[in-house]
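Trainee: One-letter residues, chain by chain:
Number of protein chains: 2
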Amino acid sequence: MSSTRDIDDLIEMMARLPGLGPRSARRAVLHMIRKKALVLNPLTALLQRVGANVRECVTCGNLGSADLCDLCANEKRAIGELCVVEDVADLWAMERGGAFRGRYHVLGGTLSALAAIGPDELRIPKLIQRVAEENISEVILALNATVDGQTTAHYIADQLDGQVRLTSLAQGVPIGGELDYLDDGTISAALKARKTI
Amino acid sequence: MSSTRDIDDLIEMMARLPGLGPRSARRAVLHMIRKKALVLNPLTALLQRVGANVRECVTCGNLGSADLCDLCANEKRAIGELCVVEDVADLWAMERGGAFRGRYHVLGGTLSALAAIGPDELRIPKLIQRVAEENISEVILALNATVDGQTTAHYIADQLDGQVRLTSLAQGVPIGGELDYLDDGTISAALKARKTI
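Chains as they are written, first to last, in my numbering: chain C, 2 to 198; chain B, 2 to 198.
The reader is advised that the hints may include incorrect statements.
Identical copies carry no separate label here, and so any pair may be met within one copy or between two of them.
Calculated lysine to aspartate or glutamate pairs in the EDC-like style (CA-CA distance at most 16 Å, straight line) [what the hints assert, rightly or not]: (1) 77 - 7; (2) 36 - 88; (3) 36 - 82; (4) 127 - 88; (5) 36 - 96; (6) 127 - 57; (7) 77 - 87; (8) 77 - 96; (9) 36 - 57; (10) 127 - 87.
What the hints contain is simulated information worked out from the structure, not anything from laboratory work.
Quick caveat, the model's predicted, so the values are computed rather than measured.
Just chain C, with the same shape it has in the complex (with noise of 0.2 Å):
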C-alpha cells in the first residue's frame, strides 16, 4: 500500500504492537524516516542492545542485563521482605511508586484451570524454594485483585503458611478516587477495610 514492501512490513509490526493500530503505526513509522538520525537509527541501536542483552534474573524473574537482576544485585535492598507480582509491568508499577524497598518474585502470570497453567508453569516452585533458603520475614502478595490472581494468592497462602508472614496489599479508595465512579466491590471493600481516624 505505500512505498517498498520494507516500510509495509514494518507498519504491519508495529501495528501488531500492544496500543498501536494501522493509523498510528503509519504515523510513527513515517516520523521515524523523517527523523532517521534523531529516531530511527538510535532506536535501532537500543533495540538490538536490548534484545542482545536482557534477560530474566534467575532468582527473581525481573529483566536485566545479567544472570542476576539489578534489584537482587542491590544489597542495600531489604532481603528480609519479599513481594510477589505477577509479571514484570507490575514490579514496575511497584517500583514507580517508591514506597517498598525489599526484594520481588515475578510469578510470570497466574494459575489458570481454563489456559491450563499450573504452579510448575510459574515461578511458584522456586519461591517455595526463596523462602525456605533465604531469610525472609515476609511475603507480599501483590497479585492483581483478579479472580486468577486472587486464586493464586490463595494457593500461595496455602503452601507457604506457617513459614512466614504473609500480607496483601490492601483494598479501598484510590487517592484521587471519587466514590461516586468506583465500583459497588471497591466501596464495601473500603467500607470493612475502615479505620478510625
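Once you have looked at the hints, place chain B on chain C.
Mentor: This is chain B only, laid out in the frame that chain C set:
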C-alpha cells in the same frame, strides 16, 4: 524506573513516537522483550533495512529504496496526470483509495508565513520544472483543506496558470457521513457543488 538503563531508554524513545505515551510504550516494550524471536528481532532487522535503504525519490519526493521510487519507475502509471500532495502520508492515503493511476509530486509541507516556509523550502520549483519538461496534461492539487494547504494550492495555481489543466479534489459529504455531525463549512461546500440526480 525499570530494570536496566537500556530498557528505560527504549521506553522513553518509544514514548516520544506519535500516538504512543509512557504507558503504551512500556506495554509495547514488554511485549517485544517477551516475544524476542517473533517481534523484537524481526523489528530490529526491519528498522535496520529501512534506515539503510529508504530515501526520497529524486523526482517526486516519495519514499523508496532507490533513487526513483516504485511509482515513478512503474511504466504502467499514467504520465499525463500529476497529483500534488503535501506529504508522503497523503500519498499513501491516495494510494489506499486506489482510484488514481497517475504519478505524484510530494511537496514536503505547505507554505507558511509563520514558520517562514517559502516555495524554495518545498518541492515547488521541481514541480514547475516537471510540468515544463514532462508530458503532463493535468495537475491535481490534492492538498489538505486547511488555510495553509489552500494558500499553497493558490500559489501553485498562480505559477502554473495557462500551462496545464489544474484541478482540485471535490469537497462534500464523506461517504457514510451523517449531516448532523458535519461542520457548517462542509455542508455549504456540498450544497454549492450539488449535482442533478
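Trainee: Does each hint fit the structure? Answer for all of them.
Mentor: Structure-based check of each hint:
Taking identical chains as interchangeable, the C-alpha atoms of residue 77 and residue 7 are never at most 16 Å apart, the minima being 47 Å within one chain and 22 Å between chains. Only between protomers do residue 36 and residue 88 lie at most 16 Å apart by alpha-carbon distance; the minimum there is 14 Å, versus 34 Å within a single protomer. Proximity of residue 36 and residue 82 under a CA criterion of 16 Å is satisfied in neither setting, with 46 Å inside one chain copy and 31 Å between copies. With identical chains, the CA atoms of residue 127 and residue 88 are at most 16 Å apart within one copy only, with a shortest distance of 15 Å there and 55 Å across copies.
In this homomeric assembly, residue 36 and residue 96 never come within 16 Å of each other (Cα to Cα): the closest approach is 32 Å inside a single copy and 23 Å across copies. In this homomeric assembly, residue 127 and residue 57 come within 16 Å of each other (Cα to Cα) only inside a single copy, at 14 Å, whereas the closest approach across copies is 54 Å. For the identical chains of this complex, residue 77 and residue 87 are neighbours neither inside a copy (24 Å) nor across copies (56 Å), given an alpha-carbon limit of 16 Å. Within a single copy, residue 77 and residue 96 get their C-alpha atoms as close as 15 Å, which meets the 16 Å cut-off; across copies the closest is 58 Å, which misses it.
In this homomeric assembly, residue 36 and residue 57 come within 16 Å of each other (Cα to Cα) only across copies, at 13 Å, whereas the closest approach inside a single copy is 33 Å. In the homo-oligomer, the alpha carbons of residue 127 and residue 87 lie at most 16 Å apart inside one protomer (14 Å), although the nearest pairing across protomers, at 58 Å, exceeds that limit.
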